[in-house]
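Here is what each chain is made of, one letter per residue.
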Amino acid sequence: MSTALDLSLRDQAAAIAAGEVDAAELLEASLERIEQRNPAINAVVETFPERSREMLAAAPPGPLHGVPVVVKDEWPLPWRAQRFGAAELMRPTAPGESGPYRALRDAGAVVVGVGNMHELGAGSTGNVSVYGPCRNPWDTERCPGGSSSGPASAVAARLVAGAVGADGLGSVRFPAAYCGLTGLKPTFGRSAMEGHHMAPVTDLIVSGPLCADAADCRLLGSVLYGEELAAGDASGLRIGVVRDPVSEDVTEEVREACEGAIEALREETGGEVREIVLPDLIPATLAAILLINAEGLAGTTPQQFNELHPDLSPLARAVLKYRLLLPAPALVQADRLRTLMRRRLAELFEQVDAIAWPTVPAPAPPLDPAMVELPSGAHGADQANVRGAALANLTGIPSISFPVGLSAEGLPLALQLQAAWGRDELLLDAAEAFERASDRRWVDSKPPLAEAEPTEA
Amino acid sequence: MEASDRSDDFIPAGLASLGVEADETELAMIAAVHGVFWPPIQGLLALDLGDVEPERNPDLSQAPR
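Taken in order, these protein sequences are the chains called U and W. Using my numbering, you'd call the opening residue of the first sequence number 1 and step up by one each time. Using my numbering, you'd call the opening residue of the second sequence number 1 and step up by one each time.
Don't read these hints as lab results, they were simulated from the structure. Idealized CB from N, CA, C, for every residue including glycine. Any given hint could be a false lead.
[Unchecked claim] Covered by chain W, per the in silico footprint, the following chain U stretches (three or more residues, Cβ under 8 Å): (1) 329-336; (2) 419-430.
[What the hints assert, rightly or not] Chain W is nowhere near these chain U residues, computed Cβ spacing over 10 Å in every case: (3) A17; (4) G19; (5) S52; (6) T93; (7) A94; (8) A199; (9) P200; (10) V201; (11) S235; (12) R266; (13) E267; (14) A298; (15) A318; (16) K321; (17) K446.
Bound-form chain U, shown alone (with noise of 0.2 Å):
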């Protein structure tokens, strides 16, 4: 028997808003379900039950009346500090309204739980966490995606029907292609960002939805956004494809995945494909790295890194510590890098809608070691997968991420679409017209977990 739980975003809202679902049962049933099915994950590292309720309770009506989500250990709550991840971030935080709640609440939404993430949100593959790893529900023996490991992980095990992440290197993206979601990475600056501790210095992160499918991520982005993501027509799309070292370096099932995608894409929409070139995205992909390790140093002393917590990974703690080293030069390069790839990002969109590619090289690697055998070679996750992901952050674009079709071993495989800035709608419309176009085959396929007894609400 289906439940509530298992209803999209957008259903749960609207059955809710009808009468047809109630929404306290709604909550219940999603923390039973988090007690049933979170220890195979790990994907929802706190639940606060009277909160939740309270939060309910005094919901307003709004777009998301008494919906249950999670949000990434990202984000402060008006109970409860943000960890991210990690034994400490070197720098106070404290409990508080941040934008994403805001949004949630005055949306109607109810707060469920605090969603894992990878330490310091610095890894793809959220098998690194002061919580333990967090566990994909389509193998539990694989990397659910980071950093925004547990909002993927718990709305792909059905705990909650959406989820907000959090964006500084493909941090939505990364969990949404692991988790077989869609995942919207906004254009800088449209979502909702206060509160997060990197808002005053950050010109990489933002905030995002993971959602089952385009629709949800719409309703959900709309609420982040603080407007309508109004629905509209992809007709035309025109695809960019970059042939280069880094896109053509993906496994073959995903290489054919995303070339059927993209086939199905144009022929949708009526659309066309062209081959466009975009040089220098190794060295634009390592200039957003350093950007965004830079954006780290920000309020820090030299004498912080003297007193880091014991408990941090060994990892992590040299990374830290190596960003005190960056050169200068290649800060001010990655500067100027910056310039050119936006200049020549503004002339590509005027020849194409969209550019397409993998949004990882590799399905979901084993958590220990991370490590994808890609066409020249071995790589360790995080270095193969931020290849595809960096330029949208580095440039502020939006970008979008969802399933395209299952590996042999049975792991979602996933397209990346990225678009002009200002364009997210345009990305929404596009994964809805692919979602048509496959008969909805990919976002309606659930892993093994979310196949598991449901909970009755």
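Please build the complex by placing chain W on the supplied structure of chain U, with the hints as guidance.
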């Protein structure tokens, strides 16, 4: 310049100049991080971007002006 030849000096000396301590294990880990970052940093530094006029206070929510 072979970065790895100098990294044994560069890393502890750089940290020490800032008054930051690191034990042998940390230094080894930082050296590993350096080994990953340094080749692409050299590639970035080698790019000829002299003709690129940087945006002043770029608004990343919009296309460049």
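Here is what the structure says about each hint:
Taking a C-beta to C-beta cut-off of 8 Å, the segment 329-336 of chain U contributes 6 residues in contact with chain W, enough for the three needed, and the coverage statement holds. Counting residues of the segment 419-430 of chain U whose beta carbon lies closer than 8 Å to any beta carbon of chain W gives 3, which meets the minimum of three for the stated coverage. With a least CB separation of 33 Å from chain W, A17(U) remains clear of the 10 Å interface cut-off, as annotated. Distance check for G19(U) against chain W: the nearest CB is about 40 Å away, which clears 10 Å, and the non-interface claim stands.
With 10 Å as the threshold on Cβ separation, the claim that S52(U) sits away from chain W holds: the shortest Cβ distance comes to roughly 33 Å. Distance check for T93(U) against chain W: the nearest CB is about 23 Å away, which clears 10 Å, and the non-interface claim stands. With 10 Å as the threshold on Cβ separation, the claim that A94(U) sits away from chain W holds: the shortest Cβ distance comes to roughly 27 Å. A199(U), annotated as away from the interface, keeps every beta carbon of chain W farther than 10 Å; the closest lies near 14 Å.
At roughly 15 Å from the closest C-beta of chain W, the C-beta of P200(U) stays outside 10 Å, upholding its exclusion from the interface. Its beta-carbon lying about 13 Å from the closest one in chain W, V201(U) satisfies the requirement of being farther than 10 Å from that chain. No Cβ of chain W approaches the Cβ of S235(U) within 10 Å, the least distance being about 23 Å, so the stated non-interface status holds. The non-interface label for R266(U) is consistent with chain W: the shortest C-beta to C-beta separation is roughly 25 Å, beyond 10 Å.
Consistency note on E267(U): stated as away from chain W, and its beta-carbon is indeed over 10 Å from all of that chain's, at 29 Å minimum. Against the 10 Å criterion, A298(U) stays outside the reach of chain W, whose nearest CB is about 16 Å from its own CB. A cut-off of 10 Å between C-beta atoms contradicts the statement that A318(U) is not in contact with chain W; the least separation is 4 Å. The beta carbon of K321(U) sits about 6 Å from the closest Cβ of chain W, which is not more than 10 Å, so the claim that it is off the interface is violated.
The beta carbon of K446(U) sits about 36 Å from the closest Cβ of chain W, which is more than 10 Å, so the claim that it is off the interface holds.
Checked against the numbered hints given earlier, the structure breaks hints 15, 16 and satisfies all the rest.
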